[in-house]
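Take the two lone chains and join them into the complex the hints point to.
In the order they appear, the protein sequences are chains S and C. Quick note: the first sequence uses the numbering used here, first residue 270, plus one each step. Quick note: the second sequence uses the numbering used here, first residue 148, plus one each step.
Heads up, some of the hints might be wrong.
[Said to hold, decoys possible] Just a few of them, taken from the derived set where beta-carbon distance is under 7 angstroms, the chain C residues facing chain S:
#	residue
1	I173
2	K224
3	E244
4	F261
5	S264
6	I265
[Claimed, not checked] With a straight-line Cα cutoff of 16 angstroms, these simulated EDC-like cross-link-like pairs (lysine to aspartate or glutamate) come out:
#	chain 1	residue 1	chain 2	residue 2
7	C	K174	S	D438
8	C	K188	S	E525
9	S	K285	C	E257
[Said to hold, decoys possible] Far from chain C, some chain S residues (derived; all Cβ distances over 10 angstroms):
#	residue
10	E330
11	I334
12	I500
13	G522
Since the hints were derived computationally from the structure, they do not count as laboratory data. By construction, the Cβ of each residue, glycine as well, lies at the ideal position given by its N, Cα and C atoms.
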Amino acid sequence: MINVFKNLYNYRELLKTNVKKEIRGKYKNSFLGVLWSFLNPLLQILVYAIVFQMILKNPQENYAIFICCGLIPWTFFSSAISRSAFTMVENGNLLKKVYFPREILPISIVTSEAVNFLISTIIIIAFVIFGGLGLSKYIVFYPLVLLAQYLLLIAISLIVSSISVYVRDLQHLIGVALQLLFYATPIVYAADAIPADFQWILKLNPMTYIIEAYRDMFYTQTTVDVSALLILIAISLVGCVIGYMIFNKLQKGFAEQL
Amino acid sequence: MSEEYKIIVKDVYKTFNVYLDKANTIKEKLLFLFSRNKKEKREVLKGINLKIKKGEVVALIGTNGSGKSTLLKLMTKIIYPNKGEIITNGKLTSLLELGAGFHPDFSGRENIYFNASIFGLTKKEIDKRIDQIIEFSELGQYIDNPVRTYSSGMYMRLAFSVAINVDADILLIDEILSVGDEHFQNKCYNKMRDLKDQGKTMVFVTHSMQAVKQLCDRAVWLCDGKIKMDGSTEDVVDEYIKETK
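Next comes chain C alone, as it looks inside the complex (with noise of 0.2 angstroms):
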């Protein structure tokens, strides 16, 4: 396998089954082999194929309900295909949602040390970051306090400070961007050029058009489980408000 490529997605299929009831015990599943088992499948992905270089900024973009989010989860190994296979190349970081894996209870400062670990961070490599991502996070006195007298806005600057700087060479993110103030934002999205132009490889899920045309140099329409369009940010966008406007 070539180096070149960070991300290779071949040909991944994902089905989830819905349960509408769940049998979770042994008599429950009994009781469902006899009855008619109520169970619906949907699928997600329908032969996704992807292959993202290394440097690339790419963004996915479509509809609710397109495949995006599942797209990156399966990415993150959080989920497994049902067919097909997700090859990654080097260290990955995921932001899938606000400040999974934060303890309330721990103040930010405690929550930056294990939620840097759950990021595969020893403590001495958290001890060398850990001035720059209060920095970053711009928690200042705060950062002492428990998370969950944190604000919405104040959680996802400290989730974002520290995923953006574990050093990942592949960084997956579920839109969030979208809960803090402009100034934030406008210095996330410097961050990302830095990553950038450092060859970090990023995938991101966003519906912010103006976002995606800031940052990304190709973008992705997922539309219904299958690629709709893969090109240039430019063409993807224009040709993806044409559709959905």
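Here chain S stands alone, though its shape is the one from the complex (with noise of 0.2 angstroms):
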């Protein structure tokens, strides 16, 4: 385990060049670049806004802030999710000619995803500054969800981008399952708007504790949930090391699969 850590520490310029590169990729040869990951957030924010605010009259006050803190964060786990089913066979190139620690590839998604919300997360901030609300003291959780949310995303994507090596379906398919967990937590309606038999679904999606915590620090401004966030980040800790286990396993056959 620990050699896992040393040969990481070892070729963490590649992880460096490698997330620079996956963020300046991601915009390259668009006309806006780099404000993308400004508007994109808030023009989905927008469509949110004029379909369950304006449309649907969807109670919730302040309901721009309200989406705003449960899309930037779902924004972030999902496209880290559906980019690491993506990048062996993206990289097959380089994995079939040269080594080095494979890991690397879903972690510098991870990685690269993560800074992008962590720019995204000025837009919430915006939203909250200007929509009246203030920031709270709360904030100070805000590295320790974050952290949640990283290891988490850390051991789904070494479990997806080593699996799709094998089976492309995964691709396709996390599409869909993606789509179907967006409307299992709670982003555009509040959790407590769900009724009780269906409550089960939320107490068992990660990704609930997550919004809710951001929601909890930004929009209601009370404390966050620790002992529920010490749990998830316990559980991610044991994912990621599950995660590394059939990654590795799987890895072996990489080149020869790609």
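Below is the structure:
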């Protein structure tokens, strides 16, 4: 296990350049470039605000802030997972010719998405400040929530990226699964709006706790459920170990499968 | 395990599954369960045993398809053996294909950073070597042009300059040197001799018997996935030339 970290540490430069490449490459060739990091979520928030607030008359106060606390972390979650399903195939040429720790690839996807999320957090903060709510002191929990989400994503992306080499269907299945999960997560609605019969779905969904935590600190401005987050971090760490074991087993065949 | 050996290959078998029709999706995989899965097993390496000492320069020779490149890939850990074990001791760099991991749109200089980081160097270490690498490649003013504008000779010079300057303990090289002109080839051989004197271990695959005789003190002849002969360069090369004539 120590060897794993030593190896990653030795290749930190590759991780760094890869993260930079991912961030730069994302909006390459687009006219507005990095501005899309802001525009994309803003436009999405606008769409949801129109549909759910103006047309469906959602009773939530400050709906734009409410949705932005859910949507931006969700974008981090879903794009990290869907992109890690493609990363191995995209880098097939490299994998076939050079040795480097393969886990660098999914880790740099998650890390670059985390950086993107950090930038997008400016939107949440802007919404909160200009929406009249102001920043609460509970923002100190932000790093803890981010850590929980990061570890969770590392675990998932290790599994997704390695399995998708062998089963290419996964790339398409994940799109559908993410859409389903989107509605099983309290993003466009509040968790307590769900009937008691279906509450268990939200309880099983790790993203519920993460989005609730962001909402607690930015929207309702109350303290976050620290014990839930710590449990989530513990589970994610176990997930990372299992994910790494699966990844390590599967990566031996990457060069031949691609 | 003794430090003396840099590479130990223990009874390694490697089989490739050659799919005539590859099933990549679940649907195809399910369908293939019922129909005959068109798959051929190709045994590439059959029980290879090899120990390479520190400071040795070993040539792998043999006809096409004898498993030389596969053995090299196994040593790099790009692929893994079906049976047996390969242990390498120390920092390893391999040059299996020209400019693997070069990004065509990036400049030569940027690619040096990217390529060297794939070999596990940190930015500081690359900064220290960059002038040396550029000088060795003789690319001069072209170093800041995008790599896609390079000729194959320039490509190879850049790739080789990076690989040879990363200070690896073990260097694995697949026949790529043939691309450069004579001047650059000689320069590479000189550099490799320097590395040899520094006690680096090298394994390389080549069809140029002249290069083998010049550089290597040991040659391993692979034939049909087995080691046919292993010994001093002179003996093996002479025997090999006799046989293949």
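A quick look at each hint next to the structure:
1. Interface hint status for I173 of chain C: upheld, as the beta-carbon distance to the closest one in chain S is roughly 5 angstroms, under 7 angstroms.
2. Here the hint on K224 of chain C is kept, as its CB sits about 5 angstroms from the closest CB of chain S, short of 7 angstroms.
3. Annotation: E244 of chain C was flagged as interfacial toward chain S, and the flag holds, the nearest CB pair being 5 angstroms apart, inside 7 angstroms.
4. About 6 angstroms separates the beta-carbon of F261 of chain C from the nearest beta-carbon of chain S, less than 7 angstroms, and the hint is met.
5. Here the hint on S264 of chain C is kept, as its CB sits about 4 angstroms from the closest CB of chain S, short of 7 angstroms.
6. Because the beta carbon of I265 of chain C sits about 5 angstroms from the nearest beta carbon in chain S, less than 7 angstroms, this interface hint is met.
7. In summary, the hint linking K174 of chain C to D438 of chain S is supported, as the alpha carbons are separated by about 9 angstroms, within the 16 angstroms threshold.
8. Restraint check for K188 of chain C and E525 of chain S: the C-alpha separation of about 13 angstroms stays at or below 16 angstroms, so the hint holds.
9. Of the pairs offered as hints, the one joining K285 of chain S and E257 of chain C holds, with about 14 angstroms between alpha carbons and a cut-off of 16 angstroms not exceeded.
10. Every CB of chain C is more than 10 angstroms from the CB of E330 of chain S (nearest about 46 angstroms), matching its label as outside the interface.
11. Under the 10 angstroms C-beta cut-off, the non-interface status given to I334 of chain S relative to chain C holds; the minimum distance is some 41 angstroms.
12. Residue placement check: I500 of chain S keeps its beta carbon more than 10 angstroms from all beta carbons of chain C (closest about 34 angstroms).
13. Distance check for G522 of chain S against chain C: the nearest CB is about 8 angstroms away, which does not clear 10 angstroms, and the non-interface claim fails.
Hint 13 from the earlier list is the only one contradicted by this structure; the remaining hints agree with it.
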